[in-house]
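Enquirer: Residues per chain, in single letters:
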Amino acid sequence: MLVMEKNFLQEEIEKLVETFGNSRSALIPILQEIQKKHHYISEFAQQEVARLLDIHPVEVYSVISFYAFLSSEPKGRNIVRLCQTITCDLAGKYSVAKAIERELGIAFGETTKDNRISLEYTNCVGMCDQGPAMLINDKVYTRLSPEKAVEIINEIK
Amino acid sequence: MSDKEGRAPESQKPLVVEKPDDTSKIGGMVSMEINERKVQVPLGTTILEACRQNDIHIPTLCHHDDLCTAGVCRVCVVEVEGMRTLQAACAYPVTNPLKIKTSTPLVRKARKHIIDLLISEHYGECYSCFRNNNCELQSLAKEYGVDHYNFGHVQKPRYEIDKSSFSVVRDLDKCVLCKRCVRTCIDLQEVGVLEAIDRGDKTRIDTFMDKPLADVICINCGQCINRCPTGALRANDPRDEIWAAIDDPNKHVVMQTAPSPRAAIAEEFGIPAGKSMTGEMNTAIRRLGFDKVFDTNFTADLTIMEEGTELIIRLFQALVEKKEGVALPQFTSCSPGWVKYLEHFYPEYIPNLSSAKSPQQMFGALIKTYYAKENNIDPKDVVSVALMPCAAKKFECNRPEMTDSGYKDVDFGLTTRELAQMIKEGGIHLPEMPQTHFDDPFGDASGAGLIFGATGGVMEAAIRTVVELVTGKKAEDLFENANVMPVRGFEGVKYAELPIPVVGPVPEILKALVPNWDWLKGATLKVAVCHGTANAKKVMDDIKAGGKFSECHFIEFMACPGGCLGGGGQPIPTTPEIRKARAKAIYTEDESLPLRKSHENEHVASIYDKFLTDGPCGHISHKLLHTHYTPRGKYID
Chain W
1 MLVMEKNFLQ EEIEKLVETF GNSRSALIPI LQEIQKKHHY ISEFAQQEVA
51 RLLDIHPVEV YSVISFYAFL SSEPKGRNIV RLCQTITCDL AGKYSVAKAI
101 ERELGIAFGE TTKDNRISLE YTNCVGMCDQ GPAMLINDKV YTRLSPEKAV
151 EIINEIK
Chain L
1 MSDKEGRAPE SQKPLVVEKP DDTSKIGGMV SMEINERKVQ VPLGTTILEA
51 CRQNDIHIPT LCHHDDLCTA GVCRVCVVEV EGMRTLQAAC AYPVTNPLKI
101 KTSTPLVRKA RKHIIDLLIS EHYGECYSCF RNNNCELQSL AKEYGVDHYN
151 FGHVQKPRYE IDKSSFSVVR DLDKCVLCKR CVRTCIDLQE VGVLEAIDRG
201 DKTRIDTFMD KPLADVICIN CGQCINRCPT GALRANDPRD EIWAAIDDPN
251 KHVVMQTAPS PRAAIAEEFG IPAGKSMTGE MNTAIRRLGF DKVFDTNFTA
301 DLTIMEEGTE LIIRLFQALV EKKEGVALPQ FTSCSPGWVK YLEHFYPEYI
351 PNLSSAKSPQ QMFGALIKTY YAKENNIDPK DVVSVALMPC AAKKFECNRP
401 EMTDSGYKDV DFGLTTRELA QMIKEGGIHL PEMPQTHFDD PFGDASGAGL
451 IFGATGGVME AAIRTVVELV TGKKAEDLFE NANVMPVRGF EGVKYAELPI
501 PVVGPVPEIL KALVPNWDWL KGATLKVAVC HGTANAKKVM DDIKAGGKFS
551 ECHFIEFMAC PGGCLGGGGQ PIPTTPEIRK ARAKAIYTED ESLPLRKSHE
601 NEHVASIYDK FLTDGPCGHI SHKLLHTHYT PRGKYID
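From first to last, the protein sequence lines are chains W and L. Note that the first sequence ends on residue 157 in the numbering used here; no numbers are left out. Note that the second sequence ends on residue 637 in the numbering used here; no numbers are left out.
It should be emphasised that the hints constitute simulated quantities derived from the structure, not laboratory data. The beta-carbon is built from N, C-alpha and C at its ideal position, and this holds for glycine as well. Keep in mind that a hint or two might mislead.
[Stated by the list, open to error] In silico DSS-like pairs for lysine-lysine, Cα to Cα no more than 25 Å straight-line:
no., chain 1, residue 1, chain 2, residue 2
1, L, 163, L, 408
2, L, 408, L, 494
3, W, 75, L, 494
4, W, 15, L, 634
5, L, 202, W, 75
6, W, 6, L, 494
[Said to hold, decoys possible] Beyond 12 Å from chain W on every Cβ pair, some chain L residues (computed):
no., residue
7, 18
8, 44
9, 104
10, 287
11, 326
12, 374
13, 635
Work the whole structure out from these sequences, hints included.
Expert: Shown next, in the form of structure tokens:
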């Protein structure tokens, strides 16, 4: 990471700590903001957060690794999460998954080269009556067919 | 952050109820019924404590007397009347009258189930594990009669063994996620290397970004090894290399032994803690094939001379010459865990650290120079082994700057556990050995060197010497039996003030440095002692804020709780009671010695006479006995 980038990030995190405070319970909101902006929380960012909250970097990493919506590895601008739980599976998740993989040319767990989309599985999103379902960022899409899923994916910027 | 229970957010805190100061008041005691036996316990006692006080056995795994409550393993479950589910005894404070049962069929089945589940995730064969016969999981399995794998068993290793560190080896396959190491590293030591990473069946105890241990900020204290119930954490074992050196007829293998191992090694042979086996150990070490066995206390005495002189120089510069920027208080540098802690977390205070090497490294430098020359041995054929209670000493002897003799000053750091293993391998039962003394030219050292093993020991040894050198009086005149009680004991941070009412003549050895002691007349020497790096952090933060410790002149820091006797290389288990017993063994041996002050050690005087001819902190001693430190910072690349 360049020194300038580090300085910008440092400043940004300092502002976040000003907003949310420096107690341990401010950790998750701070991490969420960093995740939202950078699509991941870098090693440097984790250590900066740890320094400002007076905790150990490994504790920050522990929290990030626990929550599926926080990531310590770079992710795409958009994250597509297809439900893998049993009702969506019975409703035809497999063919939807294959169609998305073919369309994007990547497998689940990977990110497209242009950083547009990361593809992931998720556990139940509570749409069991309307499966197969997927999440794109915060938005839910239900009753997917392979064609419909590809159409939705192609609309993502 | 240093408050153990204060770290976690309110919602995740274990339920802890403060015990009342006066239990005779109404509500101070609570009546309980344990297995139909009526007992009274102070309010806030946990069920586990109540049972132990009444000699009722409860199995535990994640519980450790040094650490905060976790309640994660559930092995200690008991039946509490009126509760729907079984309760973890270690995490249940008694606040109202309770009826509990510890040995019902439900409890038995639940515990067995829990142990079966723990074992199903635990990979490894007991007979190739260093914790064989001293493993808490193994004994639980025996206690609950595990004769087959009810829930299957891991067939293949899932993780690679992390051998990157000079000191600590991690084998995650043997980990049962009790989080004792996590609590040790964060709460007890304030270093924070390990935490639980990921969740569900992928959970593992790992470092920041899963880096190898050598790449993260670890002070190598090895306290995690002493807390681990299984073989998931162990010290980096040099036994094979040492056996090879012993077998090589061209090698001259010498061993120096630190004060703490001799007070604890008997525990490895089934003897209760608190018995020193110095003489027996010396014989056993020779019988293993070591050519010489020396006493590290000799260089502990030398450390007192060097570090004490350095302190006098610093005080003289600050008080008489009125020099700017003299780094005071001076910090001790004997504990390599503490030294690395300072290099990482407070690198701006490196000038305060005494430049004197630790006794181990001083000895290493002397063996390959002075000893080799005196005995006409080529230093390249000398293999120097250091018996230490410490995991960090393994890192220290591998520091690149520790080659002042022209060779690697100390070749191997060996822990108490590993020596006990070697003695067993050698077919020797230690308690049967006859007693013998240490070898010359270093001989038997003073009791002041011996008490380096306990927290406060370096300070006490320094005080005994400084008081006599400065006032010209006997230490016995000022302290009963020369026992400096204010710096003894297991309090986390100790503070003491020593007035200097009278001064005597300057002794010969220091004449080159100070003209007289008049400038110390009427002064008060302020000292502090702390052990465990969590306590060190408190003291350092106080110094940073300009508090009372910033006015101290000399502060002793030890990385491990209890000092070296509670070190990461000592026999497992180490608990508060065991540390007390080991300290007693050390202090008793000190009182029994004829020589109890470093400056009275004739071997020390003779080495200044023959070899370090320009005296303490002189030119030669600076080259061989002093070192420099590296500011490391707390960022991980």
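Enquirer: Now, for every hint given, state plainly whether the structure supports it.
Expert: Taking the hints in turn, this is what the structure says about them:
1. For the hint pairing residue 163 of chain L with residue 408 of chain L, the CA-to-CA distance comes to about 21 Å; that is within 25 Å, so the pair holds.
2. Of the supplied pair hints, the one linking residue 408 of chain L and residue 494 of chain L is violated, its CA atoms being roughly 36 Å apart against a limit of 25 Å.
3. Between residue 75 of chain W and residue 494 of chain L, the direct Cα distance comes to roughly 51 Å. Violation of the 25 Å bound is thereby established for this hinted pair.
4. Restraint check for residue 15 of chain W and residue 634 of chain L: the C-alpha separation of about 22 Å stays at or below 25 Å, so the hint holds.
5. The suggested pairing of residue 202 of chain L with residue 75 of chain W holds, with an alpha-carbon distance near 21 Å, which does not exceed 25 Å.
6. As the CA atoms of residue 6 of chain W and residue 494 of chain L are separated by approximately 41 Å, the hinted pair breaks the 25 Å bound.
7. Residue 18 of chain L, annotated as away from the interface, keeps every beta carbon of chain W farther than 12 Å; the closest lies near 22 Å.
8. Residue placement check: residue 44 of chain L keeps its beta carbon more than 12 Å from all beta carbons of chain W (closest about 25 Å).
9. Distance check on residue 104 of chain L: its Cβ is at least 36 Å (rounded) from any Cβ of chain W, clearing the 12 Å threshold; non-interface status holds.
10. Once the 12 Å rule is applied to beta carbons, residue 287 of chain L is consistent with being away from chain W; the minimum gap is 45 Å.
11. For residue 326 of chain L, the condition that its CB be more than 12 Å from all CB atoms of chain W holds, with the nearest at approximately 30 Å.
12. Every CB of chain W is more than 12 Å from the CB of residue 374 of chain L (nearest about 49 Å), matching its label as outside the interface.
13. At roughly 6 Å from the closest C-beta of chain W, the C-beta of residue 635 of chain L falls inside 12 Å, breaking its exclusion from the interface.
Violated hints, in rising order: 2, 3, 6 and 13; the structure is consistent with all others.
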